[in-house]
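Protein sequences, first through last, are from chains V and R. Taking my numbering, I'd label the letters of the first sequence as residues 1 to 307. Taking my numbering, I'd label the letters of the second sequence as residues 1001 to 1300.
These are computed hints drawn from the structure, not numbers from a lab. If you're wondering where the values come from, they're calculated on a predicted model, not measured in any experiment. Careful: at least some of the hints might be erroneous.
Covered stretches of chain V, as calculated for chain R (at least 3 residues, CB under 8 Å) [stated by the list, open to error]:
hint, region
1, 11-22
2, 44-58
3, 175-186
4, 261-275
Quick list of simulated restraints, FRET-style, between CB atoms [said to hold, decoys possible]:
hint, chain 1, residue 1, chain 2, residue 2, range
5, V, 47, R, 1182, 30 to 40 Å
6, R, 1033, V, 202, 34 to 44 Å
7, V, 250, R, 1042, 26 to 36 Å
8, V, 47, R, 1064, 37 to 47 Å
9, R, 1191, V, 10, 44 to 54 Å
10, V, 142, R, 1153, 51 to 61 Å
11, V, 255, R, 1052, 32 to 42 Å
Short derived list, chain R residues pointing at chain V, Cβ under 10 Å [to be verified]:
hint, residue
12, 1052
13, 1066
14, 1068
15, 1072
16, 1091
17, 1094
18, 1095
19, 1099
20, 1101
21, 1115
22, 1191
23, 1295
Beta carbons are placed, not taken as given, at the ideal position from N, Cα and C, and that holds for glycine.
Next come the chains, spelled out residue by residue.
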Amino acid sequence: MRHGKYRFIVGFLALPLLIYGIFVISPFVQAFQISTTEWSGLRGTAKSVGLANYGKLLHSDEFWNALKHNVVMLVLVPIATLALGLFFAFMLNVGGRARRGAVITGVRGATFYKFVYFFPQVISITIISVIWFNIYNPDPHDGMLNSLLGVVGLDSFQSAWLGEGSLALACIMLVMVWANVGFYVVLFSAAMASIPREIYEAALLDGAGRSQTFFRITLPLLWDTVQTGWVYMGIIAMDAFALVQIMSVNMGGPDGATDVVPLRLYLTAFRDSQFGYAAAMGVAMLVVTLLFAVLTMRFARRERIEY
Amino acid sequence: MTTTETTEARPRRATAARPRRTSEGGTLNVFSHGMLVVWALMVGMPLLWVLWSSFKSSGDILTTPWSLPGKLHFENWINAWEKANIGKMFLNTLIVVGGSLTGTMVLGSMAGYVLARFEFPGNRLIYYLFVAGMSFPVFMLVIPLFFVLRDFPGLPLLATYQGLIAVYIAYSLPFTVFFMTAFFRTLPTSVAEAAMIDGASHARTFFQVMLPMAKPGLISVGIFNFLGQWNQYLLPMVLNQDEDKYVLTQGLANLALQQGYQGDWGGLMAGMMIAMLPVLLVYIIFQRQVQAGLTAGALK
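Excised from the complex, chain V in its bound form (with noise of 0.2 Å):
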C-alpha cells in the first residue's frame, strides 16, 4: 500500500503547484521587487529607487483622489447591499402570510424572485457597463432613465447622471448595489432556511412583531454570514475598475470624480508606462485589503451563537 505514495503525491501536486507558482506566487514577489524600482518596461533598465514610488504615491493628490472613491465605496456599497439583501432574503423567507398549515412561510414566488435578483452575477460586468452607460444616457429625451422620468412627471429629476461631477460617484455605486443584492438575497435565504423554525414560532407565540423577529433572531443569527459578506462586499468595492472604464466620462471623470485606485493603477503601467510606479499602487491596494478585512474581523465580532 505504502509503495509509490510519495511518487503519486509528486506526481498529483507538481503541474498544479508549477502553474501557480509561476503565475501566482512568482508575481506576488516580483510586485514588492518592482514597486521598488522605476522601470518602463524594457528588459534590464528598472532602475532601483528605494521606496522613492511610496513617496510619490504619499504625495500624489491623483492617488488620494482615487483612494478616497473606494474608501467611499468601502463604507457605503457594503452597507446599501448587505441592507436590501437582508430585506429581500426576510421577505421571502418569513414575510409571508401564514398559509398551508406553516406559521412561517415566504412569500409566494420566492423562487422566481431568487432567480431575477441572481441574475446578474452570472452576466459579464463588461454587459452590465453597457447596459447602465445607455440607462444614464444624458439626452433628455433618448436616455432611458431620463426619458422615463420625463413621462412619469418628474422632468426636475432628470439629469447628466454620469456627465454630473456630484452625481457620476453615486451612479456608479448604484450599479454595485445593482449587480450585488441577488448574491446576498440568495446566500441569506440559504443560511435562513437553517435557522429552526421553532425559535421563529416561540417568538410569535409570545407576541412578536416581524420587526423585532428580524432584529432580536434574525440578525443575531445571521451574523457570521453578515460579516463574510461585508468582507466579499469590501473587495468588489476596492475594484470597480470595468464599470468606471466602461461607463465613466473619459475614464474616471468627469474631473476625476469616479476615479478609483484600479484605474489610476492600469493607466499608469500600460497607458503611461510607469510600471514601479504602478506596482507601489498594487502594494498599497494589498495593504487597503488586509486593513479592511482585518478591521471588520476585529469590530465586527461577537459571541458565536450556537443553535
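Based on these hints, arrange chain R on the given structure of chain V.
Below, chain R without anything else, positioned relative to chain V:
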C-alpha cells in the same frame, strides 16, 4: 388533469380554514411586497431591454429606448456575428474557456485530493499557499504577470491561447483547491481502501473511484469556474491585446468604448446577447446549482 386539480385545491382549503395569524401590518405587507416587485423590475427590465433592443435599428435604440421593436431586425445578429467579429471572439472564448476549465478541474481536483487524503510533510504549507491566493488583489499581480508572460523562455504566452489558458487555470486554482479539499474530506474512505485492496493503483483509484464520487462537488465548482472564466475581463484586457485573439468580454467593451452615442448599437446589443447565451443556458438549466455554487465560498 384531475390529480393536479385535487393537489392544487387541498392547500387552498387549508388556508381558508385557518385563521390569519399575521394580523399586524397590512400596509407593511403591501409595502414590502411592492419593494420585491420593484426590485425585480429594476433587475429584469434592463436585461429584457438588451433582448428586444437586439432586434431594433440603431436609431430606434437611441431615440426611443423603451419602445418594442416595430420590425424585427434580425440582421443585427448577422452583422454582429460577421462584421463586428463576435463570431471570431466567440470561438476564441470557447477555446480559451474550454481549455482552462478542463485544466482547472483536473489539476484542482488532483491537488485537492492529495491534500485532503494524504499526510506528508508540507501538506498544510501547500494548502495554505493555495488558499492565500484567494486574498491577493489581482490588480497588484497583473503588472508582474504581464512581464512573466512576455519574458517566458521558449514559449510565446502573451496574446496566445496557451498563455491565457495557463493564467486562467492558475487564478482559478485557489478556490478550486480549497473547495475540492473540503469536498474530498467529506467522502468516505472505505470505498477507496477497498479499491486499493483489490489492487488498484493510487492514480487509478483517484480517476475511477474517487472522481465519480466527487461529482456533485465537481459540478458546483465547475459552474463557478465556468462563469468566472467566461466573464473574465481584466486578465484578457491586459494579457491579450491582439485583436485576432480577443475574447467576448474585452471585444464587447472595445466595441462599446468606440461607439460613443453613434455607431451600430443594434449590432452591439445582438453581440451582448450572443455573449450571454451560454451563461443564460447554464443558469436556466442549473439554477439551483449555480446559486449554490457561487455562494458556496461565502458559506464555508
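Broken hints, by number: Going through the list in order, the structure violates hints 2, 5, 6, 8, 9, 12, 14, 15, 16, 17, 18, 19, 20 and 22 and respects the others.
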